[in-house]
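Could you put the whole structure together from the sequences, leaning on the hints where they help?
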Amino acid sequence: MTEKIIHNNQLLAIIVRKNFDKDGVSFITPDDFSLQLGYMKHPDGHEIKPHIHHSVKRKTTGTQEVLIIQEGQLRIDFYSAEKQYLESRILSSGDLILLASQGHGMTVLKPVKMIEVKNGPFDPKKDKESFEGKNDNTG
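Residue numbers (our numbering): 26 to 164.
Simulated from the structure, these hints should not be mistaken for laboratory data.
Note that the structure is predicted; figures quoted are calculated from it, not measured.
Do not rely on the hints blindly, as some may be mistaken.
Taking lysine-lysine pairs in the DSSO-like style, the calculated list, with each CA pair at most 30 angstroms apart, reads [stated by the list, open to error]: (1) K108 to K29; (2) K138 to K47; (3) K159 to K135; (4) K143 to K74; (5) K74 to K108; (6) K143 to K82; (7) K43 to K159; (8) K47 to K135; (9) K108 to K138; (10) K143 to K66; (11) K108 to K47; (12) K43 to K143; (13) K150 to K84; (14) K43 to K82; (15) K108 to K84.
Label-pair ranges, simulated between beta-carbon atoms [as the list claims (entries may be wrong)]: (16) Q98 to K47: 35 to 45 angstroms; (17) K82 to E107: 10 to 20 angstroms; (18) H76 to K135: 34 to 44 angstroms; (19) R100 to S80: 33 to 43 angstroms; (20) F147 to S105: 18 to 28 angstroms; (21) K82 to N44: 11 to 21 angstroms; (22) K150 to A106: 11 to 21 angstroms; (23) K143 to S80: 12 to 22 angstroms.
Where is the CB? At the ideal position from N, CA and C, for every residue including glycine.
Written out as structure tokens, the structure is:
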């Protein structure tokens with residue numbers, strides 16, 4: 026299963042749950058995203074031909090990140106570009122999320138191990154602005 030989180034016609038995130046299952050190659054992100062998220066399922070004996078990725082200069086705006094939850098449970102809170110709380114989702118072991126735009130915060134609900142992938146180079150002083158978000162008493 027996949028789920029898109031949308032606010033004012035802008036895609037904030039895509040969640041791919043651990044039970045997502047589809048034969049072949051499925052790209053889940055729009056073609057213009059700086060991070061391309063694809064799912065592949067192939068049978069025994071399937072071959073992916075050896076290949077080279079050419080050095081192609083790309084220009085990206087903004088930062089997108091992918092979180093892969095290996096263990097535990099995490100609540101992701103979504104915020105508008107104006108820093109207003111919108112909604113939350115719970116991610117568990119095996120789930121994946123692509124955070125595409127606007128704001129987000131996280132609270133660990135059960136001890137978590139996760140992998141983060143994002144476009145770079147990343148400069149926290151230029152690329153990130155923290156703000157006060159929701160707390161556990163607001164939902």
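These are the hints, each one checked on the structure:
A C-alpha spacing of about 20 angstroms is found between K108 and K29, which places the hinted pair at or below 30 angstroms, so the restraint holds. Simply put, K138 and K47 have alpha-carbon atoms about 26 angstroms apart, close enough for the 30 angstroms limit, and the pair holds. Taking the CA atoms of K159 and K135, the gap is near 19 angstroms; set against the 30 angstroms cutoff, the hint holds. The hinted pair formed by K143 and K74 meets the criterion: a straight-line CA distance of about 26 angstroms does not exceed 30 angstroms.
Proposed proximity of K74 and K108 is contradicted: the alpha carbons are some 46 angstroms apart, above 30 angstroms. Distance hint between K143 and K82 is fulfilled; the C-alpha atoms sit about 17 angstroms from each other, no more than 30 angstroms. With a C-alpha separation of about 27 angstroms, the suggested pairing of K43 with K159 holds against the 30 angstroms cut-off. A hinted pair counts as satisfied when its Cα atoms are at most 30 angstroms apart, and K47 with K135 qualifies at roughly 29 angstroms.
Restraint check for K108 and K138: satisfied, since their Cα atoms lie roughly 27 angstroms apart, inside the 30 angstroms limit. Our distance criterion of 30 angstroms between C-alpha atoms is met by K143 and K66, whose separation comes to about 23 angstroms. Among the hinted pairs, K108 with K47 is inconsistent with the structure: their alpha-carbon atoms are about 36 angstroms apart, more than 30 angstroms. Between K43 and K143 the CA atoms are separated by roughly 20 angstroms; this keeps the pair inside 30 angstroms, and the hint holds.
At roughly 20 angstroms between alpha-carbon atoms, K150 and K84 fall within 30 angstroms of each other, so this suggested pair holds. With a C-alpha separation of about 33 angstroms, the suggested pair K43 and K82 falls outside the 30 angstroms cut-off, and the hint is violated. Annotation: proposed proximity of K108 to K84 holds, straight-line Cα distance about 26 angstroms (limit 30 angstroms). With their beta carbons about 25 angstroms apart, Q98 and K47 fall outside the hinted range of 35 to 45 angstroms.
Our hint of 10 to 20 angstroms for K82 and E107 is violated, since their Cβ atoms are close to 33 angstroms apart. Separation of H76 from K135 is about 40 angstroms and conforms to the stated range, judged on CB atoms against 34 to 44 angstroms. For R100 and S80, the Cβ-Cβ distance of about 40 angstroms falls inside the hinted range of 33 to 43 angstroms, so the restraint holds. Between F147 and S105 the CB atoms are about 23 angstroms apart, so this pair conforms to the stated range of 18 to 28 angstroms.
In this structure the hint that K82 and N44 lie 11 to 21 angstroms apart at CB is violated, the actual value being about 38 angstroms. Taking the beta carbon of each, K150 and A106 are about 20 angstroms apart, inside 11 to 21 angstroms as hinted. With their beta carbons about 20 angstroms apart, K143 and S80 fall inside the hinted range of 12 to 22 angstroms.
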